[in-house]
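Enquirer: Each chain is listed here by its residues.
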Amino acid sequence: MQKRLLFDGRLLQFTINRLCQQLIENHGDFTNSVLMGLQPRGIFLAERISTSLETLLNKKILLGYLDTTFHRDDFRRRDAPIAPHETKVNFVIEGKKVILIDDVLFTGRSVRAALDAMVSFGRPEKVELLTLIDRMYSRDIPVEATYVGRRVNTVRSQRILVELKEQGMPEDNIWIMEKEDEA
Amino acid sequence: MSKLSTRHLLGIKDITEEDIQLIFQTADNFKDVLNRPIKKVPSLRDITVANVFFENSTRTRLSFELAEKRLSADVVNFSSSSSSVKKGETLLDTVNNILAMKVDMVVMRHSSPGAPHFLSKHVKANIINAGDGTHEHPTQALLDAFSIREKLGDVAGKKVAIMGDILHSRVALSNIFCLKKLGAEVMVCGPITLIPKFIGELGVKVEYDVKKALEWCDVANVLRIQLERQQIKYFPSLREYSIYYGINKQLLDTLNKEIVIMHPGPINRGVELNSDVADSDHSIILGQVENGVAIRMAVLYLLAGVKEG
Chain A
-5 MQKRLLFDGR LLQFTINRLC QQLIENHGDF TNSVLMGLQP RGIFLAERIS TSLETLLNKK
55 ILLGYLDTTF HRDDFRRRDA PIAPHETKVN FVIEGKKVIL IDDVLFTGRS VRAALDAMVS
115 FGRPEKVELL TLIDRMYSRD IPVEATYVGR RVNTVRSQRI LVELKEQGMP EDNIWIMEKE
175 DEA
Chain B
-10 MSKLSTRHLL GIKDITEEDI QLIFQTADNF KDVLNRPIKK VPSLRDITVA NVFFENSTRT
50 RLSFELAEKR LSADVVNFSS SSSSVKKGET LLDTVNNILA MKVDMVVMRH SSPGAPHFLS
110 KHVKANIINA GDGTHEHPTQ ALLDAFSIRE KLGDVAGKKV AIMGDILHSR VALSNIFCLK
170 KLGAEVMVCG PITLIPKFIG ELGVKVEYDV KKALEWCDVA NVLRIQLERQ QIKYFPSLRE
230 YSIYYGINKQ LLDTLNKEIV IMHPGPINRG VELNSDVADS DHSIILGQVE NGVAIRMAVL
290 YLLAGVKEG
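First to last, the protein sequences are chains A and B.
Residue numbers for the first sequence follow our numbering, beginning at -5 and rising by one.
Residue numbers for the second sequence follow our numbering, beginning at -10 and rising by one.
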């Protein structure tokens, strides 16, 4: 199968704007709410959302990076350990509403690890999940997103390729492709 | 994904520069974990580690045990003074008996050089060398280099002098391998009787004058005189050693630069290092101990993380 484009830069911007509006509907002026991007790629989306929210609300939004590597459930079950990334959470989440942000929701296992990792920073009042792409009917764990950019129906042999400017790409593109097409 | 080129950490000699950098990058993340209110992660929750110490240790054993517990591993401790080794059991039998109880990793200290290498050929578990006689002490060298990197930004291009009892020191040998692999310049300095004859062939400078060594270096890693390994007299007296090779504030004040002082512990205060240096701002000795836990977590994590064949 050829790779199929899910998002180009323009559509991505529209979707991020819509997700920001939805967040404001639920969280008002973000007084008691924080964003937490999941490493490695969720942080780019989290940064864009936080920038948009800061423009819309004209205030500083708390944003953290959460790395779930040490909390994953597939340790010792892969050929090599996953390289950890930086966790940067300069605030406590005790009593706060936390919005976890990731690019793709697939099996739900990363989100489970994130919920586990998050506990190190306090007990949140509420946790929500925002994902740009929801791969429906693929869950191993009962986890669902609160905010979704786009729902797609995929099979296991496919993967989502996220190319963002932050990763050094010339422009933003998100594709769906067969795994064996990877060169 | 990233993994080490080895299943065991037996010595620095056998690993690559990429391995060392990978351990450092992983240790950076663990150091961050150690500074959180909740200092524990669940990565090694289905792993059992045996700390098998045939030789005395405080710091290393404690540091390994803490690292294992911070990673949620189950830990069993063994020390030869209270075991069947005294009744005549061989090393391989002892370890095989421990492994029969379903242990996944073994951290071992032994007075015989090569003991962990021997073990790694005969048992399935991952072996980490926590010091084998006068041979290697890889995690100490890693934490020393990691501490230099933290203090000075990089190890490459730095000048490190290793001072004292080089002949009996496994810390010295592992440090030489590690620092050379990372691109540092290394000098050894001590009484002529305590410097191995052909050490220059490892690519290190040799100096017998402590003042000249201090003037040359950015970092001085000061070692203890290992009296327990010295069967003959290598120098007239400890007092004379401390006069000629002891480092004190007066001596450091004569240098026209600031150098970093390191020591792997235990310190013999007043012999190789005076209190006015050991407790000064130049010293990063307690920083080394702190980094030791992060480095050992990284080593355990990276070795344990590979799927069993």
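Since the hints were made in silico from the structure, they are not lab data.
Check the hints yourself; a few may be wrong.
No farther apart than 35 Å at their CA atoms in a straight line, the calculated lysine-lysine pairs in the DSBU-like style are these [claimed, not checked]:
#, chain 1, residue 1, chain 2, residue 2
1, A, K82, B, K170
2, B, K296, B, K222
3, A, K120, B, K58
4, A, K82, B, K222
5, B, K(-8), A, K159
6, B, K91, B, K222
7, B, K186, B, K20
8, B, K29, A, K82
9, B, K140, A, K91
Going by beta-carbon spacing under 7 Å, a handful of chain A positions derived as facing chain B [claimed, not checked]:
#, residue
10, F64
11, F85
12, G89
Examples of chain B residues lying across from chain A (beta carbon under 10 Å, computed) [claimed, not checked]:
#, residue
13, D17
14, V22
15, R34
16, I36
17, S46
18, T47
19, R50
20, A89
21, D93
Think of the CB as a built atom: it goes at the ideal place given N, C-alpha and C, for glycine as much as any other residue.
Enquirer: Hints first: check each against the structure and report whether it holds.
Expert: Consistency of the hints with the structure:
1. K82(A) to K170(B): 31 Å, holds
2. K296(B) to K222(B): Outside the cut-off at roughly 50 Å; violated.
3. K120(A) to K58(B): Satisfied, since the Cα-Cα distance of roughly 30 Å is no more than 35 Å.
4. K82(A) to K222(B): 54 Å, violated
5. K(-8)(B) to K159(A): Answer holds: K(-8)(B) to K159(A) is near 28 Å, not above 35 Å.
6. K91(B) to K222(B): Violated: K91(B) and K222(B) sit about 45 Å apart, past 35 Å.
7. K186(B) to K20(B): 39 Å, violated
8. K29(B) to K82(A): Holds, because 16 Å separates the two Cα atoms, which is no more than 35 Å.
9. K140(B) to K91(A): 38 Å, violated
10. F64: Because about 4 Å separates F64(A) from the closest Cβ in chain B, which is inside the 7 Å limit, the hint holds.
11. F85: 13 Å, violated
12. G89: Not OK, violated: G89(A) not within 7 Å of chain B, min 15 Å.
13. D17: Result: holds, 8 Å to nearest chain A Cβ.
14. V22: 7 Å, holds
15. R34: At about 9 Å, which falls below the 10 Å cut-off, the nearest Cβ of chain A leaves the hint on R34(B) intact, so it holds.
16. I36: Holds - the Cβ of I36(B) comes within 10 Å of chain A, reaching about 8 Å at its closest.
17. S46: The hint is violated - S46(B) has no Cβ within 10 Å of chain A, the shortest such distance being about 27 Å.
18. T47: Violated: closest Cβ of chain A sits about 27 Å from T47(B), beyond 10 Å.
19. R50: 23 Å, violated
20. A89: 21 Å, violated
21. D93: 9 Å, holds
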